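Chemist: In case you want the letters, here they are:
Number of protein chains: 2
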Amino acid sequence: MFQLKRGRKPQLLTRSALAISLACGAFTGSAMADEIVHDAEYYILEAQHGKKWAADDKKMDAKLAEFRKKNNGKSPNILYVLVDDLSFGEMGIPELNYIRGSKTPNINKFADESLSFMRMYTEPSCTPSRVAMMTGRHPVRNGLGEVKATVAGEALAASEVTIAEVLSEAGYNTVHIGKWHMGDIAEGYPHNQGFDYASFPIHQQVLLGFMTPEADQSHAMQGWHADSGNDQFALDDQFKPGGLVYGIEGRKGEMAREVDFTAGEEWTQKHYDAMNEKYQRQTIEQLQRLAKDDKPFFLQYWPMIPLDFDRSSFDSFETSNGGTGVESLRILDGWFGEIMAEVNRLGLAENTLVVLMADNGRFRQFDNILGFSQMIYRGGKVDTSEGAVRVNAFARWPGMIEADKLAGDMIHITDLYTTFANIGNATKYIPTDRVIDGLDQTTLFLDGEGNGRRDYAFIYSGNTLRSIVKQKYKLELPAPGQPGVSAKIYDLQRDPGEESPMTEIALWASASYQDMTQRHLMQMKKYPNAPVGKDRPYSGIENLRPESKKMVEAFMSWSEQE
Amino acid sequence: MFQLKRGRKPQLLTRSALAISLACGAFTGSAMADEIVHDAEYYILEAQHGKKWAADDKKMDAKLAEFRKKNNGKSPNILYVLVDDLSFGEMGIPELNYIRGSKTPNINKFADESLSFMRMYTEPSCTPSRVAMMTGRHPVRNGLGEVKATVAGEALAASEVTIAEVLSEAGYNTVHIGKWHMGDIAEGYPHNQGFDYASFPIHQQVLLGFMTPEADQSHAMQGWHADSGNDQFALDDQFKPGGLVYGIEGRKGEMAREVDFTAGEEWTQKHYDAMNEKYQRQTIEQLQRLAKDDKPFFLQYWPMIPLDFDRSSFDSFETSNGGTGVESLRILDGWFGEIMAEVNRLGLAENTLVVLMADNGRFRQFDNILGFSQMIYRGGKVDTSEGAVRVNAFARWPGMIEADKLAGDMIHITDLYTTFANIGNATKYIPTDRVIDGLDQTTLFLDGEGNGRRDYAFIYSGNTLRSIVKQKYKLELPAPGQPGVSAKIYDLQRDPGEESPMTEIALWASASYQDMTQRHLMQMKKYPNAPVGKDRPYSGIENLRPESKKMVEAFMSWSEQE
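As you go down the protein sequences, you meet chains A and B in turn. Numbering of the first sequence is given in our numbering, commencing with residue 30 and proceeding in unit increments. Numbering of the second sequence is given in our numbering, commencing with residue 30 and proceeding in unit increments.
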């Protein structure tokens with residue numbers, strides 16, 4: 030961690046104290062019970078731009094009120110599509126399709142109809158990004174900076190207030206379809222976190238698309254399948270996970286049920302393919318159902334492809350790249366096209382905000398299978414490079430968001446929480462007793478480029494702060510135990526690959542970054558991080574298979590849960 | 030070099046022999062006196078696609094004849110703008126402007142009006158690319174694979190037939206403005222190579238923008254300026270070049286004159302700035318003059334910026350990147366906008382083909398000054414990576430080329446020679462006694478994507494073949510003396526950064542690449558490379574300054590010239 034010891038760098042503390050006292054009014058104000066509490070950095074900016082922002086807020090309120098008036102008093106529907114593991118440049122920019130040998134014509138068309146965010150930051154991997162979006166908070170604040178691949182007995186805590194809960198309070202119908210990946214206990218399931226209905230796998234794609242006999246056969250996976258080798262000296266048959274729960278469905282207030290899978294059955298690529306197709310079908314069905322209702326809807330579709338590791342599940346390869354991820358992205362692009370066609374066919378275009386984005390960068394360890402690689406930014410999922418946390422993101426809302434525009438403003442996935450809440454007239458349901466990292470970016474959405482409220486992002490890896498982006502610069506913190514002077518600072522425009530840390534920037538920027546870090550940690554001390562939810566794995570599922578029960582028993586025999 | 034020894038790899042020779050006999054009819058046909066001779070690889074493709082191409086050629090002939098009929102019997106004007114040292118992605122793609130913190134709005138607009146070539150290959154540095162465009166031949170064929178930075182006593186030979194000569198024969202007015210960089214002797218000057226008029230510096234920007242007192246002052250240059258250090262033990266005052274000739278102008282059949290510089294004067298950044306501005310102004314003036322003439326024109330403008338190394342020459346920095354190259358690109362973009370506005374104002378839009386492209390990738394050794402860096406492709410100028418030889422290229426011709434389209438077909442800078450000749454109804458003036466590497470890509474220009482005639486490119490570094498691109502694969506030849514098995518093959522779509530050579534491809538592609546190499550070398554043996562032009566440096570200039578004469582004398586005292 031960055032060095033911030035008192036006494037050793039008194040001049041820096043003085044600078045920090047000054048900066049914070051500058052923002053002091055706002056800082057104190059934030060403690061009022063009815064105001065959202067943001068991270069310290071926000072107040073530094075608010076002190077400089079607050080007057081303009083307050084005026085803009087009024088303008089946005091008026092715009093949204095006018096919209097509701099025209100829309101029978103209803104807030105707009107929100108359709109949120111979150112694509113897995115796709116680095117910036119892989120969708121929405123036709124020229125880059127040629128570089129990659131990929132095809133995303135429907136998403137490119139959608140980009141032309143949308144505001145494209147050029148600097149959308151996420152968390153560096155699936156669970157943290159999804160938690161950030163659902164809670165408006167960095168997952169370090171609720172113990173979900175990282176999650177185990179198989180059973181964990183952990184999940185998004187009931188005490189967190191999700192965007193689905195916030196929008197439900199404001200009268201939205203809420204549905205979640207597809208990947209969830211926020212833990213394997215009841216309190217974390219989407220239908221217990223504000224969604225009226227949810228259809229989802231508890232786990233992620235490694236367990237669904239990799240831990241299959243086909244993946245072993247095609248060299249994508251090794252060692253997992255029972256037939257893939259016979260080690261006579263292996264004594265522990267629980268080391269290879271078995272008895273996993275796959276797809277479940279649930280309704281608010283009810284137990285979940287595992288679906289489409291029976292006791293003793295073996296999970297295969299065919300199951301994974303069928304699951305993907307089902308979520309696509311369910312999304313269309315839900316759109317049709319929700320469109321008829323009097324209430325506005327919040328529908329989120331989080332597909333699992335383009336993560337697909339098995340070549341045998343493709344009839345033919347239509348991209349010249351030919352990687353399973355690139356090919357699967359082409360299929361997803363077609364699916365997304367179907368969804369948008371359905372949105373338009375159902376007459377939802379003008380009263381539905383559609384946001385499409387990726388959750389984090391590419392799963393780079395499988396480049397040779399998936400067909401992706403570094404495009405512009407170095408790195409990918411799990412590290413904290415721009416390749417991990419910069420993604421394509423698009424927002425379409427005909428009549429409210431100007432089409433075919435780009436915005437260079439910074440935005441963070443947590444901002445969707447606050448922005449969706451504001452657009453859904455639900456800001457008053459956001460909790461005010463904790464830090465909300467998300468900022469209200471309604472003005473950026475509706476008035477476009479130059480109206481962003483963020484020029485910073487904190488990047489955690491697991492529960493450790495590892496990088497800080499401010500304006501066009503990025504600080505990579507030293508590894509734990511390394512001295513502060515080994516921090517690296519990059520100019521992201523001159524060096525998007527983060528290859529050459531620049532001493533010439535560090536000479537002035539180190540002190541400013543230290544101030545930022547200190548303010549961030551001070552706020553975290555004032556509003557301590559909350560614990561993760563803990564329980565018996567697979568709690569809240571009424572039809573657990575015998576093999577799943579067995580696995581849970583084994584887990585519980587050594588776990589600290591219960 | 031790649032191993033092609035007889036006897037050691039007989040099976041490969043057999044494969045080659047087969048492949049060549051397949052294409053044998055075309056190969057023999059190419060020896061006919063009135064047909065253009067291409068490289069062997071072309072005939073392999075012609076054998077597979079010749080019928081369609083012949084039909085397309087007829088269609089193109091009819092299209093062009095129809096155009097001429099509507100255009101008072103005249104062929105179209107051709108305006109060719111060649112930008113220096115700019116890697117793929119730096120212009121014409123708005124999203125990537127945000128990545129770089131750059132601004133190219135006029136070029137982006139031009140791209141929207143154009144066909145954008147997604148796979149334009151060039152030679153890896155300035156002289157070779159310019160020679161390739163002017164002669165339609167890889168510069169290895171005329172001894173210009175590399176050129177010295179200061180005086181060389183060498184140039185493009187008089188025996189080469191440039192596109193300016195070809196178009197002149199067909200009745201074009203021809204003008205060259207800006208960088209030339211094809212040698213420092215009379216026979217190589219543009220006004221002796223087919224241009225009616227030319228205004229240009231003999232040398233390149235290192236001598237013009239770097240060898241200045243300002244560059245020494247700003248750390249961009251070291252050791253060159255007389256005041257930059259005092260080495261009392263240095264005995265040779267000719268080691269630092271002095272007495273260079275800067276800007277010259279000439280008319281066909283006349284001696285050249287050095288302009289805007291007097292004996293004893295010191296070359297400074299101010300001279301460089303003024304020279305850049307003059308070439309821009311002259312381009313506009315020439316456009317206005319040529320527009321009035323009865324004959325069609327071929328005007329090429331080869332600006333020297335965005336190569337600019339001195340911060341003091343900018344009044345302010347308007348890009349967020351702030352590098353001198355990125356800032357200078359913004360200025361060039363404005364200048365290009367002026368030129369296109371003038372083209373439109375003069376009523377030339379519909380009868381002028383405008384092609385804009387870069388000559389090769391970035392000058393990566395000066396990234397920290399210029400503000401560029403790896404965007405998508407690794408490497409830059411001088412190496413043979415995609416970053417060196419892949420550039421943005423755009424062709425606009427309202428009414429004849431469909432606007433706002435992309436083409437994934439491969440095209441090579443030599444193809445402009447043959448394509449411009451065909452569009453200018455001048456193909457019959459292309460020499461048929463030598464290999465022309467350029468292919469006629471008129472169908473690609475006029476009918477767009479899918480109509481290209483090339484799926485290969487040979488990439489030379491200096492006079493050594495170093496890489497071969499075929500389809501989406503790229504072979505990097507082993508360094509001289511290294512065994513053939515150390516050749517690396519990349520999948521350019523899965524690995525645009527050429528970071529991971531793939532054995533899985535080499536297993537089948539090595540043999541095919543060996544065949545290609547052998548065919549290429551066989552054709553070179555049949556049509557041997559021509560010598561470079563040689564003479565006394567600065568010959569053909571009527572007003573050489575005394576210091577220039579002195580430098581020439583010193584050079585001649587040890588040179589083999591004369």
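None of these hints come from the bench; they were simulated from the model. Quantities reported herein were computed from a predicted structural model and do not represent experimental measurements. Be a bit skeptical, because a hint or two may be false.
Because identical chains cannot be distinguished in the list, a pair is counted as satisfied if it fits within a single copy or across any two copies.
Unchecked claim - Listed below are the simulated DMTMM-like cross-link pairs for lysine to aspartate or glutamate, each with C-alpha atoms no more than 25 Å apart in a straight line:
no.	residue 1	residue 2
1	Lys299	Glu314
2	Lys434	Glu347
3	Lys88	Glu142
4	Lys434	Asp344
5	Lys98	Glu216
6	Lys138	Glu478
7	Lys177	Glu216
8	Lys578	Glu283
9	Lys501	Asp396
10	Lys177	Glu95
11	Lys80	Glu294
12	Lys80	Asp433
13	Lys88	Glu576
14	Lys555	Glu278
15	Lys499	Asp396
16	Lys501	Asp344
17	Lys517	Asp396
18	Lys434	Glu142
Chemist: State for each hint whether it applies.
Modeler: To see whether the hints hold, each was checked on the structure:
1. Taking identical chains as interchangeable, the C-alpha atoms of Lys299 and Glu314 lie at most 25 Å apart only when both belong to the same chain, with a minimum of 22 Å there against 69 Å between chains.
2. Taking CA atoms no more than 25 Å apart as the test, Lys434 paired with Glu347 passes between copies only; the shortest distance there is 21 Å, against 30 Å inside one copy.
3. Taking identical chains as interchangeable, the C-alpha atoms of Lys88 and Glu142 lie at most 25 Å apart only when both belong to the same chain, with a minimum of 23 Å there against 37 Å between chains.
4. In this assembly of identical chains, the alpha carbons of Lys434 and Asp344 never lie at most 25 Å apart, being 37 Å within a copy and 30 Å across copies at closest.
5. Taking the shortest alpha-carbon separations for Lys98 and Glu216, neither the intra-copy value of 37 Å nor the inter-copy value of 77 Å comes in at or below 25 Å.
6. Taking CA atoms no more than 25 Å apart as the test, Lys138 paired with Glu478 passes in both settings, with 20 Å inside one copy and 19 Å between copies.
7. In this assembly of identical chains, the alpha carbons of Lys177 and Glu216 lie at most 25 Å apart only when taken from the same copy (17 Å versus 72 Å across copies).
8. Proximity of Lys578 to Glu283 under the C-alpha cut-off of 25 Å is restricted to the intra-copy arrangement: shortest distance 20 Å within a copy versus 95 Å between copies.
9. Taking CA atoms no more than 25 Å apart as the test, Lys501 paired with Asp396 passes between copies only; the shortest distance there is 17 Å, against 28 Å inside one copy.
10. With identical chains, the CA atoms of Lys177 and Glu95 are never at most 25 Å apart, being 46 Å at best within one copy and 69 Å at best between copies.
11. With identical chains, the CA atoms of Lys80 and Glu294 are never at most 25 Å apart, being 62 Å at best within one copy and 57 Å at best between copies.
12. Within a single copy, Lys80 and Asp433 get their C-alpha atoms no closer than 29 Å, and across copies no closer than 42 Å, so neither meets the 25 Å cut-off.
13. For the identical chains of this complex, Lys88 and Glu576 are neighbours neither inside a copy (58 Å) nor across copies (70 Å), given an alpha-carbon limit of 25 Å.
14. For the homomeric pair Lys555 and Glu278, neither the shortest alpha-carbon distance inside one copy (39 Å) nor that between copies (73 Å) is at most 25 Å.
15. When the C-alpha separation of Lys499 and Asp396 is checked against a cutoff of 25 Å, the pair qualifies only between copies, where the shortest distance is 22 Å, while the shortest distance within a copy is 30 Å.
16. In the homo-oligomer, the alpha carbons of Lys501 and Asp344 lie at most 25 Å apart only across protomers (22 Å), although the nearest pairing inside one protomer, at 44 Å, exceeds that limit.
17. For a Cα distance limit of 25 Å, the shortest separation of Lys517 from Asp396 across copies, 18 Å, qualifies, whereas the shortest one inside one copy, 27 Å, does not.
18. Taking the shortest Cα distances, Lys434 and Glu142 sit within 25 Å of each other both inside one copy (8 Å) and across copies (18 Å).
Comparing the model with each earlier hint shows violations of hints 4, 5, 10, 11, 12, 13, 14; every other hint is respected.
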